[in-house]
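A.B. asks: What follows is the residue order along each chain.
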Amino acid sequence: MSILSQLKRALPKNTVIFGSENTRPFECDGLSVYKQEPLAVVLPNNIAQIKKVIEICRKNNTPIVSRGAGTGLSGGATPLEGSVVLGFSKLTQIISIDEEKKIAVLEPGVRNLAISEAVEEFGLYYAPDPSSQIACTIGGNVAENAGGVHCLKYGLTVQNVEAIKMLTIDGEELLLTRQDEGIGLLALMNGSEGLLGVITEITVKLTPKPELARLVMAGFSSVRDCADTVAEIIKKGIIPSGLEMMDKFAIEASEAFAHPGYPLDAQALLLCELDGAIDSVNEDLNKVLGLLSNATTTRVSENEDERLLFWKGRKDAFPSIGRLSPDYYCMDGTIPKRHLATVLEKISELSAHYKLRVANVFHAGDGNLHPLILYNASRPGELEKTESFGMDILKLCVEMGGSITGEHGVGIEKLDAMCHQFSSAELDVFHQIKNAFDPISLLNPGKAVPTLHRCAELGNMHVHHGELPHPELERF
Amino acid sequence: MSSIAELQKQVREGKNLRITGRADNTDKEFINISSYSGVVEYFPEELVITLKAGTTIQEINNTLAAYGQALPFFTESLEKTIGAVYATSGPEFSDSVLGVQIINGRGELLNFGGQVMKNVAGYDVSKLLVGSMGRLALVTQISIKILPQRIAEQFQLKPPPKHKVSEIILNFESKLKKVFDPYGVFI
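Listed in order, the protein sequences are those of chains P and Z. Quick note: the first sequence uses the working numbering, first residue 1, plus one each step. Quick note: the second sequence uses the working numbering, first residue 1, plus one each step.
Certain hints may be false.
[Unchecked claim] Derived pair list, reagent style DSS-like, types lysine-lysine, alpha-carbon separation capped at 25 angstroms:
no., chain 1, residue 1, chain 2, residue 2
1, Z, Lys-28, Z, Lys-15
2, P, Lys-153, Z, Lys-15
3, P, Lys-287, Z, Lys-15
4, Z, Lys-177, Z, Lys-162
5, P, Lys-153, Z, Lys-175
6, P, Lys-287, P, Lys-346
7, Z, Lys-15, P, Lys-102
Bear in mind the hints are in silico, worked out from the structure with no lab data behind them.
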């Protein structure tokens, strides 16, 4: 009996989706340049059904690709050839909310923003806020260790997860909590991109809503002045809840689209949000204003509507830049903040070299840079040129002591870039970790960690102390 | 002062090794990291400090206090090394860990994570090894997110007691031990 027949027999009607026309919506995630038709898509209603899917896939040696909302930007949820996509769109229950302990227990398909909406009546919210929060799911957030604009103060997903339940490839249930003795397995699962297990339940930390939040918007005549001000704010002992920068191109695009009132004469824009108790916000606000002597324009939000309007330009930066070009490619490198001005200068040189425009938005508080490369996929060769440009940016981030991905994940997109950040011995550790949990390699196999052969074929891999690792491997 | 090369040699040639941060522990079976100490890099405006594992909490506190910053987690004793805190803590500590340099059981020097706040390239080994009691690898260097004093204080509460874990979890722990220490050098 074919695996499809087995799935259909074991699961209720309308749970198994098959046939090209029906599976087409699942062919890609937010990184739509990569597409692959899966063997089938299964949308289970409960954990027992997930267990059945895992069992059937294991028996048939069929890969499983877990999928939340499919908003990921690195191809983590792109189907593999002949794979079963395990979608969580029916598992959207908020199982319980404990306002005293400030936690919520969730099924993996609960949307990020739906958590905050559900706990609003208790004066609480869920802090991590990736830009896709209206659609993305908590299960996907854990798989990618999703970030957002408030990470400097409130952490990424990993700092806001209390416990997870997961199923191993053998169908065993694991409960991992912050109170467990021993090594950091709970932390390991955050950002593991669906390669180690299938997450079935998540307990998240809830954060009290601040009494007040105010946003300072300041324009600068140079990127360097703006970056220096970011460093001064941190040195002064202030931890803003959001600290964002945009370059001139991003400012212009956002202003034309969202009309937040950004200064069009500025070379760089700083958005600095302060939140907390009323007195401390106003105290910090005065300190920040005292550090803005270099700014060409300064405005402070006077009410909630204005604060949200100032944010709107930043939050709509991607679509507003998307309006100006048939396609854009979003990068996600991180760098130590002190190198920001240098990195932006080099990106600008690369932009001239590749003859491709680039706009920069930057989570300045935590060093996460999102250059958006504008291109036209219908022009032959332009996508390849864009990918080379992107790779040069990621190599630059690694050279500066940063990382190829801050919050979007490796997926299939950054497999080559991984060869630049890690030595083969380090990559081998990743493969062995995968093997410890999934020895038959059926959970999202081939994603997140490149094979050593792939890196060797690239030729320009990470060289440790002048020695080429694994000299015994053939190089093509 | 021991060097990385010396520590690697000790691991490669060693058997039944235990790791200690106490200077008075001179038994042969111990790798003593108390002399491998000091601040490697400190960037107050980046909220990051990189430390050799033998650096004491007292020394770190002194360095940070000069810039009005502090460690954002509970520390029991000022004499303890950061390596010892790393080996015996849980998520309340790993929340602040950004990167580690380790020597695995094969004597290889490996780096995971780094000095940046956000980093999702590869599995988060720098947080995985927190609480490993020195049984998986010799941690030589740790990068930590620090905070201004008045904010760090809110995170310095003593964590609640830990729970025993299930057999299944212990089984995964022993599989992961083999990943880092295939010959069983560290006990």
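A.B. asks: Has the given pair, Lys-177(Z) with Lys-162(Z), been kept, meaning a C-alpha gap of at most 25 angstroms?
C.D. replies: Given pair Lys-177(Z), Lys-162(Z) holds - Cα atoms ~21 angstroms apart, limit 25 angstroms.
A.B. asks: Do the alpha carbons of Lys-153(P) and Lys-175(Z) lie within 25 angstroms of each other, as the hint requires?
C.D. replies: This hinted pair is violated, its Cα atoms lying about 35 angstroms apart.
A.B. asks: Does Lys-15(Z) lie within 25 angstroms of Lys-287(P) when you go C-alpha to C-alpha?
C.D. replies: 56 angstroms, violated
A.B. asks: Under the criterion that the straight-line Cα-Cα distance not exceed 25 angstroms, is the pair Lys-153(P), Lys-15(Z) satisfied?
C.D. replies: Given pair Lys-153(P), Lys-15(Z) is violated - Cα atoms ~44 angstroms apart, limit 25 angstroms.
A.B. asks: Under the criterion that the straight-line Cα-Cα distance not exceed 25 angstroms, is the pair Lys-287(P), Lys-346(P) satisfied?
C.D. replies: Given that 25 angstroms is the threshold and the Cα spacing comes to 32 angstroms, the pair is violated.
A.B. asks: Quickly compare the C-alpha distance for Lys-28(Z) and Lys-15(Z) to 25 angstroms and report which way the hint goes.
C.D. replies: Holds, because 10 angstroms separates the two Cα atoms, which is no more than 25 angstroms.
A.B. asks: Would the hint linking Lys-15(Z) and Lys-102(P) be met if the CA-CA limit is 25 angstroms?
C.D. replies: Roughly 47 angstroms separates the two Cα atoms, so the pair is violated.
Violation of the numbered hints given earlier is confined to hints 2, 3, 5, 6, 7; the remaining hints are satisfied by the structure.
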